[in-house]
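So the sequences go chain by chain: X and L.
Mapping the first sequence onto our numbering, position 240 (from 1) lands on 308, and the numbers just tick up by one.
Mapping the second sequence onto our numbering, position 227 (from 1) lands on 295, and the numbers just tick up by one.
Treat the hints with care, as some may be off.
Since copy identity is lost for identical chains, a pair holds within one copy or between any two.
Said to hold, decoys possible - 30 angstroms max Cα-Cα, derived DSSO-like pairs, lysine-lysine:
#1 LYS96 - LYS381
#2 LYS379 - LYS220
#3 LYS214 - LYS381
#4 LYS337 - LYS293
#5 LYS353 - LYS282
#6 LYS267 - LYS337
#7 LYS378 - LYS283
#8 LYS293 - LYS283
#9 LYS282 - LYS169
#10 LYS141 - LYS267
#11 LYS267 - LYS70
#12 LYS282 - LYS379
#13 LYS141 - LYS351
#14 LYS376 - LYS220
#15 LYS262 - LYS282
#16 LYS267 - LYS83
No wet-lab data here; the hints were simulated from the structure.
Okay, here's what each chain looks like letter by letter:
Protein chains: 2
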Amino acid sequence: MKQFVGVDIGGTDIKFGIFTETGNILEKWQVPTDIGSQGENLWSQITTEICVHTDNGRSVSGIGVGVPGPVQKDGFVEVCVNLGIRNFNPREILGRVFPDKTIAVGNDANVAALGEMWQGSGQGYENLVVITLGTGVGGGVIMDGKIVYGAKGLSGEIGHMMVNPDETELCTCGGRGCLDQMASATGIVRYTKKLLAQKYAPTVLDEKEALTAKKVFDAARAGDKLAAHSVEHCLSFLGKSLAFVSYVIDPEIFIIGGGVSHAGDYLIKIVQEYYDQYSLLKKEKARIVLATLGNDAGIYGAARMAQKEKKGKNEKV
Amino acid sequence: MKQFVGVDIGGTDIKFGIFTETGNILEKWQVPTDIGSQGENLWSQITTEICVHTDNGRSVSGIGVGVPGPVQKDGFVEVCVNLGIRNFNPREILGRVFPDKTIAVGNDANVAALGEMWQGSGQGYENLVVITLGTGVGGGVIMDGKIVYGAKGLSGEIGHMMVNPDETELCTCGGRGCLDQMASATGIVRYTKKLLAQKYAPTVLDEKEALTAKKVFDAARAGDKLAAHSVEHCLSFLGKSLAFVSYVIDPEIFIIGGGVSHAGDYLIKIVQEYYDQYSLLKKEKARIVLATLGNDAGIYGAARMAQKEKKGKNEKV
Numbered sequence: 069m070k071q072f073v074g075v076d077i078g079g080t081d082i083k084f085g086i087f088t089e090t091g092n093i094l095e096k097w098q099v100p101t102d103i104g105s106q107g108e109n110l111w112s113q114i115t116t117e118i119c120v121h122t123d124n125g126r127s128v129s130g131i132g133v134g135v136p137g138p139v140q141k142d143g144f145v146e147v148c149v150n151l152g153i154r155n156f157n158p159r160e161i162l163g164r165v166f167p168d169k170t171i172a173v174g175n176d177a178n179v180a181a182l183g184e185m186w187q188g189s190g191q192g193y194e195n196l197v198v199i200t201l202g203t204g205v206g207g208g209v210i211m212d213g214k215i216v217y218g219a220k221g222l223s224g225e226i227g228h229m230m231v232n233p234d235e236t237e238l239c240t241c242g243g244r245g246c247l248d249q250m251a252s253a254t255g256i257v258r259y260t261k262k263l264l265a266q267k268y269a270p271t272v273l274d275e276k277e278a279l280t281a282k283k284v285f286d287a288a289r290a291g292d293k294l295a296a297h298s299v300e301h302c303l304s305f306l307g308k309s310l311a312f313v314s315y316v317i318d319p320e321i322f323i324i325g326g327g328v329s330h331a332g333d334y335l336i337k338i339v340q341e342y343y344d345q346y347s348l349l350k351k352e353k354a355r356i357v358l359a360t361l362g363n364d365a366g367i368y369g370a371a372r373m374a375q376k377e378k379k380g381k382n383e384k385v
Numbered sequence: 069m070k071q072f073v074g075v076d077i078g079g080t081d082i083k084f085g086i087f088t089e090t091g092n093i094l095e096k097w098q099v100p101t102d103i104g105s106q107g108e109n110l111w112s113q114i115t116t117e118i119c120v121h122t123d124n125g126r127s128v129s130g131i132g133v134g135v136p137g138p139v140q141k142d143g144f145v146e147v148c149v150n151l152g153i154r155n156f157n158p159r160e161i162l163g164r165v166f167p168d169k170t171i172a173v174g175n176d177a178n179v180a181a182l183g184e185m186w187q188g189s190g191q192g193y194e195n196l197v198v199i200t201l202g203t204g205v206g207g208g209v210i211m212d213g214k215i216v217y218g219a220k221g222l223s224g225e226i227g228h229m230m231v232n233p234d235e236t237e238l239c240t241c242g243g244r245g246c247l248d249q250m251a252s253a254t255g256i257v258r259y260t261k262k263l264l265a266q267k268y269a270p271t272v273l274d275e276k277e278a279l280t281a282k283k284v285f286d287a288a289r290a291g292d293k294l295a296a297h298s299v300e301h302c303l304s305f306l307g308k309s310l311a312f313v314s315y316v317i318d319p320e321i322f323i324i325g326g327g328v329s330h331a332g333d334y335l336i337k338i339v340q341e342y343y344d345q346y347s348l349l350k351k352e353k354a355r356i357v358l359a360t361l362g363n364d365a366g367i368y369g370a371a372r373m374a375q376k377e378k379k380g381k382n383e384k385v
């Protein structure tokens with residue numbers, strides 16, 4: 069039986085999963101990310117974990133790796149800002165240890181999109197965009213069943229579309245009014261604090277308590293006026309951005325994941341409303357749904373990427 | 069010698085070109101579009117023209133057709149608003165007359181993009197976006213050397229991104245602030261008239277004369293303050309929109325065609341400036357250049373599309 073290993077490298081943990089060809093997960097585990105020695109430790113961590121869990125890779129056909137940064141088509145990664153490592157190619161590094169395995173590499177958001185297409189809410193679709201709402205706003209793009217990399221691996225970085233011309237604060241990218249500043253967990257908290265400072269409306273939210281996006285959504289759902297206004301304002305920019313994405317590549321479905329997506333249908337309803345308003349030309353609107361694989365989307369997608377690449381190679385032979 | 073026919077269906081004329089495999093144009097001609105009999109005349113026009121010019125198709129390997137409306141992946145066209153025809157598939161219609169030829173169908177803007185990639189300013193690139201600035205703003209998207217169709221053939225319709233929140237007039241799509249309202253020839257004239265009515269600045273432009281985008285650009289280039297302001301304002305939205313496109317699919321190059329693009333480097337400079345401002349995350353910016361095939365991009369691309377499809381089929385065999 070052919071098995072595929074999916075590896076999802078994050079700033080805190082590296083996640084691993086072993087999958088059958090049909091997408092059944094046989095085992096999953098994670099280890100804390102060790103970014104010492106300019107990233108060298110990371111690779112020995114990954115190879116050791118794979119060897120230990122797969123009898124030195126005996127039953128493994130392919131290994132896929134999701135990386136938190138732009139990945140070029142040949143697997144080369146110029147920089148992972150969060151990990152502080154530069155200029156490496158996991159395909160080459162892992163290829164030296166596992167010379168007879170297919171190694172595939174992709175950006176974590178794109179890989180998560182592939183995971184959702186394989187075993188999550190993107191099943192049955194070939195043209196989809198996955199948006200991750202967490203500390204920032206990330207995105208992965210799949211067209212005709214394949215990851216869209218783009219020239220420098222920067223496809224799907226929709227968090228830095230400057231969609232709010234009224235924004236006065238700076239984004240980490242140096243711009244103003246990025247989607248990231250509005251629709252991320254950080255963005256929702258930031259905007260809610262502004263409204264609290266302005267005393268926009270009476271509210272159950274307390275400035276002195278540590279505010280989270282979850283608290284804001286919970287209050288909004290319970291009818292809190294200030295919280296509801298904050299959520300709607302922030303998500304309106306997400307709806308608008310998805311309309312922009314539609315006008316570029318016209319996907320069948322948008323899948324919303326990441327911590328903020330736990331707000332569920334309440335969130336989807338608002339995003340859909342604004343998406344519809346901004347995509348008037350489109351008679352049949354794209355569907356907007358919640359992701360279902362949660363934090364496992366990355367390992368699913370990484371394994372699937374390796375499987376697809378192996379299949380592609382075999383077909384060429 | 070294999071030959072490919074490119075057909076570009078427009079509202080006024082149908083353009084035809086016969087090409088060698090290497091992209092040399094052997095003959096080109098055009099006939100006025102006849103949209104009588106619910107579009108039936110159109111197809112007899114096209115088949116007759118091809119038969120007459122190619123000795124009944126004897127030397128032809130494939131025929132490609134560019135259609136002014138959204139085209140689905142199987143060639144189906146739901147509606148061509150400009151032609152007033154609905155629910156047809158050129159692949160089937162032409163396939164009945166030319167059963168042994170490869171027939172390929174694509175949206176005119178996407179097909180023009182393929183033309184520019186083959187023999188125009190997109191040569192050497194595989195990830196590109198072509199923007200056509202004419203009566204409206206159109207767009208064609210190529211990723212990995214292939215046309216991106218999208219779910220309903222609406223990819224590349226960037227003219228209806230609502231990028232100007234300050235717009236008060238309605239767009240044809242029912243929205244407000246679409247790129248189409250700003251950066252098309254019509255949009256530039258419209259905004260210039262607004263400035264004239266406001267007496268924004270002394271100007272050589274005369275409200276009473278018929279204003280054209282060309283006149284506005286000529287005046288702007290000659291130092292006219294009102295014209296220069298109008299052009300910069302209108303094109304700023306194009307630069308912003310291209311940045312949005314970059315964050316979705318990260319193309320290597322943008323190619324600007326259509327009547328307005330005759331404004332040349334003056335236009336490119338402004339668009340590039342605003343594109344750079346709105347795409348801060350991207351260290352290496354996409355190139356922005358002028359199209360070089362002019363009105364022939366469509367026939368080049370249509371022929372190329374047929375050639376690529378034939379090649380794809382042969383490879384599968």
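Each hint tested on the structure:
1. LYS96 - LYS381: within (27 angstroms within a copy, 41 angstroms between copies)
2. LYS379 - LYS220: both (25 angstroms within a copy, 28 angstroms between copies)
3. LYS214 - LYS381: both (15 angstroms within a copy, 20 angstroms between copies)
4. LYS337 - LYS293: For LYS337 and LYS293, only the intra-copy Cα distance (17 angstroms) is at most 30 angstroms; the inter-copy one is 46 angstroms.
5. LYS353 - LYS282: Within one copy only: 28 angstroms inside a chain, 37 angstroms across chains, cut-off 30 angstroms.
6. LYS267 - LYS337: For LYS267 and LYS337, only the intra-copy Cα distance (27 angstroms) is at most 30 angstroms; the inter-copy one is 45 angstroms.
7. LYS378 - LYS283: Neither: 45 angstroms inside a copy, 57 angstroms across copies.
8. LYS293 - LYS283: Within one copy, since 13 angstroms is at most 30 angstroms while 52 angstroms is not.
9. LYS282 - LYS169: neither (42 angstroms within a copy, 59 angstroms between copies)
10. LYS141 - LYS267: Classified as neither; 50 angstroms inside a copy, 53 angstroms across copies.
11. LYS267 - LYS70: neither (60 angstroms within a copy, 74 angstroms between copies)
12. LYS282 - LYS379: neither (42 angstroms within a copy, 53 angstroms between copies)
13. LYS141 - LYS351: Answer is between: at 18 angstroms across copies they meet the 30 angstroms cutoff, but 34 angstroms inside does not.
14. LYS376 - LYS220: Answer is both; intra-copy 22 angstroms and inter-copy 25 angstroms each pass.
15. LYS262 - LYS282: within (17 angstroms within a copy, 46 angstroms between copies)
16. LYS267 - LYS83: neither (43 angstroms within a copy, 64 angstroms between copies)
Hint check: violations occur at hints 7, 9, 10, 11, 12, 16; the rest are consistent with the structure.
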